[in-house]
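Enquirer: With the hints as constraints, model all of the structure from the sequences given.
Chain residues, written in single-letter form:
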Amino acid sequence: MHPAPSVIVFTVLSGMGFGLLAFLGAGLPAPSGWAAFFHWGLGYSLAVGGLLASTFHLGNPQRFLRAFTQWRSSWLSREAIASVACLLALAPVALSNWLGFGWPRALGLIGAVLALATIFCTAMIYAQLKTIPRWNHWTTPALFVAFAGAGGAILAGQSGAGAVMSALLLALLLAAFRIGDGAFAARAQTLGTATGLGTIGPVQGTVRVFEQPHTSPNYLMREMIYLVARKHVQKLRSVTLIGAGIAPALLLPLTPPSLLGFAVIALVHLTGAFAARWLFFAQAEHVVGLYYGQR
Amino acid sequence: MTSLPTHTEKKLGLAIDLDTCVGCQACVTACKGWNDQGYGAPLSDQDPYGAAPSGAFLNRVHSYEITPDQGAAVIVNFPRSCLHCEDAPCVPVCPTGASYKRVEDGIVLVNEDACIGCGLCAWACPYGAREMDGDVGVMKKCTLCVDRIYNEHLPEEDRVPACVRTCPTGARHFGDFADPDSTVSQLAKQRGGYDLMPDLGTRPTNKYLPPRRKDAPDMSAPLAPLLDIQATGFAGWLDKVLGKI
Numbered sequence: 114m115h116p117a118p119s120v121i122v123f124t125v126l127s128g129m130g131f132g133l134l135a136f137l138g139a140g141l142p143a144p145s146g147w148a149a150f151f152h153w154g155l156g157y158s159l160a161v162g163g164l165l166a167s168t169f170h171l172g173n174p175q176r177f178l179r180a181f182t183q184w185r186s187s188w189l190s191r192e193a194i195a196s197v198a199c200l201l202a203l204a205p206v207a208l209s210n211w212l213g214f215g216w217p218r219a220l221g222l223i224g225a226v227l228a229l230a231t232i233f234c235t236a237m238i239y240a241q242l243k244t245i246p247r248w249n250h251w252t253t254p255a256l257f258v259a260f261a262g263a264g265g266a267i268l269a270g271q272s273g274a275g276a277v278m279s280a281l282l283l284a285l286l287l288a289a290f291r292i293g294d295g296a297f298a299a300r301a302q303t304l305g306t307a308t309g310l311g312t313i314g315p316v317q318g319t320v321r322v323f324e325q326p327h328t329s330p331n332y333l334m335r336e337m338i339y340l341v342a343r344k345h346v347q348k349l350r351s352v353t354l355i356g357a358g359i360a361p362a363l364l365l366p367l368t369p370p371s372l373l374g375f376a377v378i379a380l381v382h383l384t385g386a387f388a389a390r391w392l393f394f395a396q397a398e399h400v401v402g403l404y405y406g407q408r
Numbered sequence: 002m003t004s005l006p007t008h009t010e011k012k013l014g015l016a017i018d019l020d021t022c023v024g025c026q027a028c029v030t031a032c033k034g035w036n037d038q039g040y041g042a043p044l045s046d047q048d049p050y051g052a053a054p055s056g057a058f059l060n061r062v063h064s065y066e067i068t069p070d071q072g073a074a075v076i077v078n079f080p081r082s083c084l085h086c087e088d089a090p091c092v093p094v095c096p097t098g099a100s101y102k103r104v105e106d107g108i109v110l111v112n113e114d115a116c117i118g119c120g121l122c123a124w125a126c127p128y129g130a131r132e133m134d135g136d137v138g139v140m141k142k143c144t145l146c147v148d149r150i151y152n153e154h155l156p157e158e159d160r161v162p163a164c165v166r167t168c169p170t171g172a173r174h175f176g177d178f179a180d181p182d183s184t185v186s187q188l189a190k191q192r193g194g195y196d197l198m199p200d201l202g203t204r205p206t207n208k209y210l211p212p213r214r215k216d217a218p219d220m221s222a223p224l225a226p227l228l229d230i231q232a233t234g235f236a237g238w239l240d241k242v243l244g245k246i
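Chains A and B supply the protein sequences, listed in that same order.
Convert by adding 113 to the 1-based position in the first sequence; the result is the number in the working numbering.
Convert by adding 1 to the 1-based position in the second sequence; the result is the number in the working numbering.
Calculated directly from the structure, the hints in this document are not laboratory data.
None of the values given here were measured: they were computed from a predicted structure.
What you were told as hints is all true, and nothing was included just to trick you.
Now the stretches of chain B that chain A is said to cover, found in silico as 3 or more residues with beta-carbon under 8 Å:
#, segment
1, 46–58
2, 76–87
3, 95–106
4, 110–118
5, 202–215
Glycine included, each C-beta is placed from N, C-alpha and C at the ideal position.
Expert: If you want it as structure tokens, here you go:
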């Protein structure tokens with residue numbers, strides 16, 4: 114799949130932002146005064162900034178309001194609703210923290226659940242697609258939630274939770290790489306099965322592309338067949354595992370809590386998260402590529 | 002609503018004969034031509050006369066080579082367009098309700114005024130049936146020429162999809178698969194019409210009719226007649242005499 118920068122930026126930043134909002138909603142930590150303003154402000158900026166970035170890949174972003182209507186069937190619509198509901202539910206909690214109203218925590222907990230629901234919906238947009246075997250697996254929502262949990266914990270300054278979530282993320286990444294690498298082959302789809310010409314009818318045999326249907330790439334090939342730079346997979350996986358998993362898991366318990374310390378670890382985590390998300394798209398293979406003899 | 006209907010009154014679709022298709026691309030051209038002017042935004046091209054032409058098409062014809070275990074390879078031309086699936090995976094993923102399947106005839110359509118161009122439906126389709134229009138940023142797909150098949154301003158013989166009307170070899174058949182007596186149902190039954198990637202659970206309406214086995218000369222020992230020449234007449238006498246010397 115084509116790794117569109119807008120979608121990578123959106124999923125990484127908004128995931129981290131909603132993760133932070135979940136921690137703040139749960140009162141971990143519960144800052145007050147201007148500290149609360151900046152902490153909540155960071156969470157809202159990442160979450161809203163990510164959502165805005167996601168509109169850049171739309172053909173007609175001015176019609177975005179319609180995306181709130183199909184929650185009964187569409188994970189994308191559910192994501193839109195959950196995200197706005199989360200941002201609205203947490204707004205009074207943020208105000209209460211900032212201005213010291215002392216309002217009860219219950220709304221914050223609801224907002225935290227909605228933040229997790231948003232991340233889950235985002236992940237299910239990808240995980241639901243049977244056409245992309247690598248994504249069509251429980252590891253996809255698990256990874257998205259773990260990324261938000263680890264990133265959110267680092268930004269929330271929760272060393273213990275951050276280290277545990279980073280270690281969990283590391284394990285999930287290793288599992289997702291291993292399972293994902295065999296996912297396409299496990300579905301046993303080939304050009305022969307996709308066309309039926311290898312297995313059905315009186316004439317059967319080995320099928321290969323004789324001539325392509327068009328001479329220059331079309332939308333399908335640009336969007337769903339992405340071959341460039343898969344050769345750097347191993348290096349990028351190392352960046353991912355070290356940046357998003359190993360380094361935060363080791364550094365968080367060792368670093369004394371300070372703004373600078375958490376900022377550095379957050380940047381290390383982000384580097385790993387961006388590499389992971391780039392790989393998530395670039396390595397995903399869509400079955401339509403079979404018709405072109407490519408993947 | 003983007004939920005799929007549980008039942009459609011008709012199941013309009015195509016039976017595509019892989020045996021008779023000659024790969025002339027006339028259906029591709031006819032489809033592009035009709036959909037430049039009919040339903041929705043015209044199908045656009047980008048840089049059509051330049052170095053890197055590209056455009057949205059609703060129908061593509063691939064060409065494959067089958068090498069059987071025995072005998073010569075066979076070329077099969079393979080038209081690929083929307084199969085108007087009963088469990089169309091492109092419909093429920095749509096966040097805006099733009100993508101829908103009609104209850105009356107089972108045609109899968111896009112309401113272009115509601116499409117935000119997110120592309121998720123194209124990701125959900127295993128068959129590559131949907132292409133984003135590069136000009137207007139909405140998803141385009143085969144409409145089964147919904148603006149022809151019910152159009153009473155057209156002569157009756159033209160009230161079929163443009164690809165079917167134009168096919169010079171009659172490789173594309175249009176009809177109602179819900180009616181067991183329709184031409185397409187009968188063709189699918191007689192010829193073993195099959196679904197593409199049935200394991201994905203999409204239940205396509207369109208059926209592909211597999212290529213027939215071709216007649217072939219007996220090629221087991223093509224040079225055998227040359228080894229067993231019996232000369233007659235003068236040549237036979239000469240052959241006999243020379244053989245005795």
